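Colleague: Here is how the chains run, residue by residue.
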Amino acid sequence: MGITNSSVGKKAASGFEIKKTDEKTFTVALAGNPNVGKSTVFNALTGMNQHTGNWPGKTVSNAVGYCSTKKRSYMFVDIPGTYSLMAHSAEEEIARNYICFGSPDAVVVVCDATCLERNMNLVLQTMEISKNVIVCINLMDEANRKGIKINIGMLSQRLGVSVIGVTASKKKSLSVLLSALDNLESGNYYKIDYPEPVEKAVNIIEKNIPEEVKKKINPRWMSLRLIDSDLSLESEIDKHSGGFAENAELCLAVSKAKAILDKSGFYPEKVCDAVASSLLSKAHEICSGAVEIKESYSKTDRRFDKILTSRLTGYPVMILMLIMIFWLTVTGANYPSQLLSDFLFGIQDKLSELFYALNSPQWLHDCLVLGVYRVLAWVISVMLPPMAIFFPLFSLLEDSGYLPRVAYNLDKPFRLCNACGKQALTMCMGFGCNAAGVVGCRIIDSPRERLLAILTNSLVPCNGKFPTLITIITVFFIGTSSGLFSSVASAAALTAVIVLGVLMTFAATKLLSETVLKGVPSSFTLELPPYRKPKIAETLVRSIFDRALFVLGRAAAVAAPAGLIIWLLANISTGDSNILGILSDFLDPFARLMGLDGVILIAFILGFPANEIVIPIMLMAYFSLGSLPDLGTSAEIGALLIENGWTKATALCMILFSLMHWPCSTTLITVKKETGSIKYTLLAAALPTLMGVIACMITAEFCRVTGFC
Amino acid sequence: MKKLISMDKIKPNEKATVRRIETCGSIRRRLMDIGLAENSQIECVGRSPMGDPSAYLICGAVVAIRKSDCSKIYVEV
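Chains as they are written, first to last, in my numbering: chain A, 1 to 709; chain B, 1001 to 1077.
Treat the hints loosely; a few may be bogus.
27 Å max Cα-Cα, derived DSSO-like pairs, lysine-lysine [unchecked claim]:
1) K282/A to K1072/B
2) K510/A to K1067/B
3) K412/A to K1067/B
4) K412/A to K1002/B
If you are wondering where the hints come from, they were derived from the structure by calculation, not from laboratory data.
Since the structure is predicted, the reported quantities are computational estimates derived from the model, not experimental observations.
One chain only, chain A, in its complex shape (with noise of 0.2 Å):
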């Protein structure tokens, strides 16, 4: 649920070039196993706010930051979690071709302390490639508390490079990553012994590699790539080193190699096999002795694991989560939201006094203070003390490890739907905001799952709809009255319509995999972290200021134009009526087939540029005067709609059509930089919609016909 510039932004989909600011800068990459806290690392070195969560694959997008010493400066890039360079997704391949070929002065390699040996393979793999490496070591407090003892002078020596230990969440300790970057010198690349026709076919190659190349890559290395037939690999050699494939010389040395290697029975699989267990062994080797774990360590890791994966409480125990998190969010955000309503309404006032002080002519008063600044006003009373409530809850969530449990409990049901557990992590993000759920689609390794993934995204609703929702919600179905149970039954009545969006994500998933994206589920692989305590204070403060802030920002940034528009749209009329009334009634027929009006339906079109901004926009319409009326309570809004035709038919009908309708701009976008393609933004948007208008359709009908509601 990272929401910030960058993942929503223009830099969201962009690709993977980074340039050094000028000679002098010192460019460290960071690379590391997916959920081991790099970003951590990052944040706390460069002073950003690159978003960090418990959870592999956080990072997608590459950030770059900075820092100095006194003795240099430096450039950090923070390279997406991957377990190892052999590239086999594309994270994996541009950690793999920024290390090798993006020529970063050092590589860090941040490892998990409380499972090192798995870490050191990727340790392994990038001193293979750079002479530059420092291995730092995070979460050693944590190691500590499980009674996990490294000895980091032992697998120093061990590795020949230096090793530190940090807790990267304390700043301070980092001051020994800087001062060992300060201090490094180049060393040798490191020499993993493999089987002896591996280590001959190898030999064969070697020899054949042009000098020039050999200044740049490790030709070790290269070689066993070669004989490895990684074609991904092969073209970016010939990118940077120029002529690979038509260097006969080496194109025979490689077809000798594995000619030798097919003669001792090491088929290109057993190779690789061969190559991969070379590796462990050897991480097993340099952390045997080195590393001393007590047995029980992770006892109360399973003993929370017990409760949220069961077959028992596993699912109820995840909505009590949602409805939790939704009743803080309801009940928490009335008495702010009252207030800063109060608050922003009184300023209108004084606004209308200051225009007329100045004289200013009537109609620019009407159409800035009673246009673009009432619909700002309640876009942001309505939209900021949920928002402040929900995301730092959200947060607190992400941060403990509970998210790619929801992912473990839900892999079942969407591998039903041919598609990928990890889809429930996007799921989770579009929570947030679709844009951002879009973006994290990329820890989803096949292409197929992926683009599901992204197509069905908007159909859990975003944090913009759940004002929407709430106010549908209590003022037609919960009643107005405060007091518990009604806070209670909000909350549920809004996990049962994100249920309904769960469901219908299944639904859409199932349909696409019959239909467009045919094909069987790949293979799943998905870490389980260690539940980690969030730190509170941090995570509220980040929070608010990253996410509800930007989030907020965006909005009001929409709602200002649209608050002009349906202004200017309400009040310039030609003959009798006024345009907003000529476009109501024209989209009246159809939006009363899906059981709304056609107010509501322009509302719809109109938010396209943000979903916060749809209640404004359709109250300020209801009001004929086109400017919103100063509705503070639920009940006035309620008594507002019911006299313009609204029954509890409608609200439903509006409930699952603010669920399932076009996303919004920034996600389309979104999607489109993704995907690359035309047609499946296309088909993000109409599949949502098409749904939306069938399940009105089907719902008004069923209520015209038994008269229910």
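Using the hints provided, position chain B relative to the given structure of chain A.
Modeller: Okay, now just chain B, sitting in the frame of chain A:
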């Protein structure tokens, strides 16, 4: 030598040693990356609510793997 069973058959809280991996394709490599190779020690730590996937402790980390992906991995309990 003890009898080998496929990895999806081991029960929660049971430990085993990997003996043979017959899984093919990209998943084979992925499993190796996370430390699942011949002779590595694993432990099943739980199943998801619908019985699949299951969670395994591999190389100090807990990883969820589907039944279909580990049915061709043979282990010795």
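Colleague: Are the hints correct? Go through all of them and say.
Modeller: Cross-check of the supplied hints:
no. : hint              : result
1   : K282/A to K1072/B : 25 Å, holds
2   : K510/A to K1067/B : 21 Å, holds
3   : K412/A to K1067/B : 10 Å, holds
4   : K412/A to K1002/B : 32 Å, violated
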